[in-house]
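**Student:** Please put together the full structure from these sequences, using the hints given.
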Amino acid sequence: MIGRLPTGGGRGLRRGFTLVEVVLALGLFSMLMVAVFQLLQGSLDLWNRGETRRNIVDQATSAGELLAQDLRALAAGASGDVLAEWVPFDTDGDGLREKYWPRLRLVRQATEAELRRRGAAPDDLHGPGLLEVAWAVLPMTTPQEAGVGGDLHSSPADKRAEGVLWRGERLPDDPLGMSFFEPGFFSRNGRPAGGALEEVSGGLLWMGIFFATQTSSVRAGWETGPELWHAATSWDGWQRERPAADVHPWNEAGSGMPAVDGVVLLPRRVRVELEFERAKDRRRRTRLADLIEAGDTQLVVEDGERVPARSGSFILIDAEWLKVVSRRGKRVTVRRGQRGTMPVQHSEGSLVHHGLTTVVELPIALYREDWNL
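So the sequence shown is residues 11 to 383, counted in my numbering.
No lab work stands behind these hints: they were computed from the structure. Note that the coordinates shown come from a computational prediction; the quantities given were computed from them, not determined experimentally. All the pointers check out, no bait thrown in.
Simulated restraints on C-beta separations:
#1 L42 / S72: 43 to 53 Å
#2 R128 / P166: 30 to 40 Å
#3 R316 / E75: 22 to 32 Å
#4 G305 / L42: 42 to 52 Å
#5 Q355 / L38: 50 to 60 Å
#6 G105 / S53: 47 to 57 Å
#7 A375 / S265: 18 to 28 Å
#8 D256 / G359: 31 to 41 Å
#9 L34 / Q355: 49 to 59 Å
#10 K340 / D183: 57 to 67 Å
#11 T121 / D300: 47 to 57 Å
Beta carbons are placed, not taken as given, at the ideal position from N, Cα and C, and that holds for glycine.
**Tutor:** Structure, rendered in structure tokens:
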């Protein structure tokens, strides 16, 4: 006798997942996990960018505030002096000085605490309490180090575009040591006398110093050039032709400078731009995927996402500054030879530097009545 299967539509049986349903469930779960990981990664990237920005701003603010303190206390009259110039350096060891950094020397009024720290009592002074101050930027690497190989992320050649910010101060009548304004204080290779300056900060990509002359108009922005309303890129408080105009065009005296008559000539306003790049950020920068010639306006990088997307951003390759016009994938359209540099050829694998620019702008107390110009 043949048995009969139970009827009733299989109410007593449990129905499982089919293969198709299992595959669909796994696919949905995978998509959900990917979305969660992307959300976490995006949040982490946002936090890292914010932390990087905060650290760089803190670094630039500290250096900028120290420089601002010196500029606010500029000494006027016959005892004052301000000398700002651009100095060339050889950073790649080829014998040509292709990198330019600013150098600033000034005389400022000193507080009683500053004088005592330098070993001078105010009662012993024969004149006003003054300090000589020198600011200088030196390359992070020497020409000899620039040619030394290294791993992909820490090659000395990657550091040659960066500088180290130094500062020093001394009493004008100190018998020990040479005056900062003496021609021999800085050697022919741009290095100061040993032990005279102290390091302020490293990882400097850019330092720009601009001065408003008696005829400069900076309310609509700081523009440099030969016109009377342009800002000056160098300064000689006594008009002795100390910045060498044949070294760099930015060493030429500003237009409309009045004659000096027994007292130092001070700028009306000063603008300082500082741009830093941390070592950990340098290791995450992209590189050129192909050689670019001096006339090229488009470059190809290994990772386009690591180049600033905002139009008008600056990037630094070797000693040349470029301004970003647009970015599409790995192709970046740029304007060459920015910030006083010249377009040159760059080899494949060159590092693309960029940082965050911090601006310090302040009027000089002597021209308090012109603060709104």
